[in-house]
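The task is simple: from the sequences and hints, build the whole structure.
Residue-level listing of the chains:
Protein chains: 2
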Amino acid sequence: MFKVNDNYLKLPGSYLFSTVARKQREYQAAHPDKKVIRLSIGDVTQPLAPAILDAMHAAVDEMGHAETFRGYAPDLGYEFLRNAIAENDYKARGCDISADEIFVSDGAKCDSSNIQEIFSLDNKIAVCDPVYPVYVDSNVMAGRTGVYDSTTETWSDVIYMPCTAENGFAPELPKQTPDIIYLCFPNNPTGATITKSRLQEWVDYANKVGAVIIYDAAYEAYISEPDVPHTIYECEGARTCAIELRSFSKNAGFTGVRLGFTVIPKELKSGDVSLHALWARRHGTKYNGAPYIIQRAGEAVYSEAGKEQLKKQVAYYMNNAHYISAELKKAGYSVSGGVNAPYIWLKAPNGMTSWEFFDYVLANANVVGTPGSGFGPSGETYFRLTAFGSYESTVEAVDRIKNMKI
Amino acid sequence: MFKVNDNYLKLPGSYLFSTVARKQREYQAAHPDKKVIRLSIGDVTQPLAPAILDAMHAAVDEMGHAETFRGYAPDLGYEFLRNAIAENDYKARGCDISADEIFVSDGAKCDSSNIQEIFSLDNKIAVCDPVYPVYVDSNVMAGRTGVYDSTTETWSDVIYMPCTAENGFAPELPKQTPDIIYLCFPNNPTGATITKSRLQEWVDYANKVGAVIIYDAAYEAYISEPDVPHTIYECEGARTCAIELRSFSKNAGFTGVRLGFTVIPKELKSGDVSLHALWARRHGTKYNGAPYIIQRAGEAVYSEAGKEQLKKQVAYYMNNAHYISAELKKAGYSVSGGVNAPYIWLKAPNGMTSWEFFDYVLANANVVGTPGSGFGPSGETYFRLTAFGSYESTVEAVDRIKNMKI
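Chains as they are written, first to last, in numbering that gives the first Met the number 0: chain A, 0 to 405; chain B, 0 to 405.
Hints in this document: simulated from the structure, not taken from any laboratory. Please note that the accuracy of each hint is not assured.
Same chains, same names: a pair is fine if it fits in one copy or spans any two.
Calculated pairs, DSS-like style, for lysine-lysine (alpha carbon to alpha carbon, straight line, at most 25 Å) [stated by the list, open to error]:
id, residue 1, residue 2
1, Lys2, Lys265
2, Lys22, Lys265
3, Lys268, Lys2
4, Lys285, Lys2
5, Lys285, Lys22
6, Lys9, Lys123
7, Lys401, Lys311
8, Lys2, Lys311
9, Lys401, Lys34
10, Lys268, Lys9
11, Lys329, Lys285
12, Lys329, Lys401
13, Lys265, Lys328
Below you can see the structure in the form of C-alpha cells.
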C-alpha cells in the first residue's frame, strides 16, 4: 500500500502567497464594486523591454525553420547566455566566475527549493527570520526541519536568525553552528541590505565552521548605494563556501517569462565531492533546460539596448518604492527598506498583528499587502508592500492607506 | 560541517544521454571530416508548426504592453490551456478528467523525476526493464532504491519487470508487491505498446494491492492502432490508482520549448490524504509555472490548424520509423517497435553487447544510437534508434547501417 511523504503533512497551512491570493479573491467576490490594488506578491507589472521582445520574436522565427530549429538545450544552458552572465554579472565586477560554473534554470524559486536536495538530510539549516518561505518549506518537505511548534511558529531543527529593527534587519552570526546558511540581500521581505564588510564576515565564518552559504541575490539590480555588494563573490573566500542564486524576474520583469541561474564554484567541496558535480547531475537527471526562446530573451538583457531599457524599468519601480516610503513616513508610519530594494517593510500601527493589519488594509483601503508574520515569527506586526505596481496604482494605494482611519 | 546527499554518490556513472553525447563529441573531435548522424536521444528536428509560431508571436506582443502583460502564472497553469487539455485529451476520449486535475509544467522529465517526492521513502518502486533512466535515478537520489549491485546493474530495493522478446516487451504483474509502479506506453525505449485489456489488468491490480501507477504517456500521439489506449483513464478504476504524465515534446516538437502536464485525479488518496493536494502544494512551493508564451503555444496545439499541422508532423516521423524498421528487417536485423511509437528497438548482431554495437555503429556507420543496456539489464544486446531525424538523414543513416560489414 503506497504511503505519502508525511513531511508534507507537517507543513502548517498553505503557501503564504496562496493564502494572500485566496483572501483577495474572497474579498473581491464579496465586494465586486471595489477596485482592489495588489502590492503583495513581488510580481512585476511593466511590459518587457523592446530589446527582449525583439530577441524573442527572432528566436520564435528560428524555431520555424529546420536549419535554425533548436531541440533540447545543453544541460547547463546555452553558452551564449552563460557567457553573457559570466561577463556582465561577474567579470565586470572583478569576480572570478566562469561560464561553466553557471547553471541556467527556469527561476530562482525552483533553484532555491531544489538546492537543498544535494545536501545530507541531517544538515542543519539557518535562516533569517523573517524569511522567504520557500527556503524553509522546501526543507520541511525534505524532512530536515524537525518538529513544528505552532505556538512559536518555529521548527525544532532550524536555526532562526532574527532580523529586527534593533539589528537593522541584518542577522548576527548564529550561536549554534549551522551546516547550510540561507542569506538573501537585498532582502526579501524586509528590503534591508548588507555591507560588503559584513558579508565578508559571513564568508569568513562559513569557511571557518565548514558551512555553505546559499546566497539569494535575486534583487541585486535594485542596489544603488556604493557599499552594497551585488554578488557574494565580491568577498574573498566565497568560492569555497557560497552558492549564489540569481533571477531575471525582478531585474528584467521575467516573472511570467521564467529564467534564473545558480552559480556553484568548482572549489566548493565536501571532502573530495564537488557540489558543482552534484548539481550538474541533478540538472542532467531531473531538469531539461529553459526554453531556447527564453534563453535568447535572457541574452538580450545583457545587450546594450537591453541594459539601457532595463535601467529605466528598475528606476520606474524604485521611484514607486521611494514614493511609498516617503509618503507613509510622512503619515507617521514606521518604515524601512525601499532604498536598495523594491520592498517596503512597514510596522503595523496600534499593536495590530500582521494579519489583523492585512485584513484592515484590505477592508479599508482595498489594498493587498503581505503580512510580515507569514515570513516568520520576527515578522509579526510587520507588513510588506512591493514597489512593483504601476506608478498610478501605487500612488492611489498609498493615498488610500494614508486616508484610512487608524 | 555540511555534508552532501550521499544517495547521489551511489549513482553509477553519469546520466545515460550525457555519456552518449560525450562519446559522440569525442568521436567527432577525432574525426572532424565525418558527418555523424544522431538517432539517439529522442530529440525532434522538424520546425514548430505555423499555428504554434503564430501563437507565440502574439503572446510575445502581449508581453510588450502593460494592459496585456502577464506576470506569475496561476499555480496549476493557465485555465485556457488546462481547459484545452481536459477537452481534447480526455473528454473527447470519454475520460472523466477535469481541468483542475491537470497541472501544467515545463515537461515530463521534470514531472517524472519530481513526482516521487510526494511519496514515503520506504515505498517500493517497480519499473520495467529496460526503462527510461529518470524514473530510477530520481528514486536513487531520494534514497528509495537500496544498494546497487554493479554485476547485475540492479538496485536491491527496486522491483524489475523484464520486458523481453519473449513477453513482447510488455511487463507481467510483479511477484513482489510494489507501492509505486512506473509504466510507459507507447514505451520508451522499446517502442512497445499495451492493449486496453492488458492495461485494465494493471489498473485492477493496483487498486487491489493499493499501489499507485505513474503512467507516462508522452508518446500517445504516435498511436495509430485502434486497441491501444491513449490514456490510462480509458480504464475503469484508474481515477483511484493512476497519475498520468504527458508531454508536448514529441506530439508538438516542444523539446526545446518545454511544456508538459501531470494529471492527478482527486479520488487518488492514501487514507484521507489526497495526492492532488500534495502535488498542488509542491507546485505552489517549489515551482513557478511554465512561461505564459509557452502556455499559449501549448494552447495552439489544440487549435484546428494546430491539430491538422501536427498530424502531418507526427506522420513525418512515423514515416521515418516505418522506413528504419522495414529496411533493417530486410537487412536481416531483428527489429521491434516503430508501429505506434517513434522508437525502433534493434537486436545487436553477432552477440555484441549494446555498448559494443554502439561503438561499432558510431565507428563504421557514423550513426549515434542509444545502447539498450543503458536502460536496464534486460536492454543488454539491444540498441535504440529514434525516428526523430529528418527524412534525408534517416535514410542515409539506415543505408550506412545496412552497408556496415557485420
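Here's how the hints hold up against the structure:
In the homo-oligomer, the alpha carbons of Lys2 and Lys265 lie at most 25 Å apart only across protomers (16 Å), although the nearest pairing inside one protomer, at 38 Å, exceeds that limit. Proximity of Lys22 and Lys265 under a CA criterion of 25 Å is satisfied inter-copy only: 24 Å between copies versus 45 Å inside one chain copy. When the C-alpha separation of Lys268 and Lys2 is checked against a cutoff of 25 Å, the pair qualifies only between copies, where the shortest distance is 9 Å, while the shortest distance within a copy is 35 Å. For the homomeric pair Lys285 and Lys2, the shortest alpha-carbon distances inside one copy (22 Å) and between copies (21 Å) are both at most 25 Å.
Proximity of Lys285 and Lys22 under a CA criterion of 25 Å is satisfied inter-copy only: 22 Å between copies versus 34 Å inside one chain copy. Proximity of Lys9 to Lys123 under the C-alpha cut-off of 25 Å is found in both arrangements, the shortest distances being 18 Å within a copy and 23 Å between copies. Proximity of Lys401 to Lys311 under the C-alpha cut-off of 25 Å is found in neither arrangement, the shortest distances being 28 Å within a copy and 61 Å between copies. In this homomeric assembly, Lys2 and Lys311 never come within 25 Å of each other (Cα to Cα): the closest approach is 52 Å inside a single copy and 43 Å across copies.
In the homo-oligomer, the alpha carbons of Lys401 and Lys34 lie at most 25 Å apart inside one protomer (17 Å), although the nearest pairing across protomers, at 71 Å, exceeds that limit. Proximity of Lys268 to Lys9 under the C-alpha cut-off of 25 Å is restricted to the inter-copy arrangement: shortest distance 17 Å between copies versus 32 Å within a copy. Proximity of Lys329 to Lys285 under the C-alpha cut-off of 25 Å is found in neither arrangement, the shortest distances being 51 Å within a copy and 39 Å between copies. Taking identical chains as interchangeable, the C-alpha atoms of Lys329 and Lys401 lie at most 25 Å apart only when both belong to the same chain, with a minimum of 9 Å there against 83 Å between chains.
In this assembly of identical chains, Lys265 and Lys328 lie within 25 Å of each other by CA distance neither inside one copy nor across copies; the values are 46 Å within and 49 Å between.
Hint violations for this structure: numbers 7, 8, 11, 13, all remaining hints satisfied.
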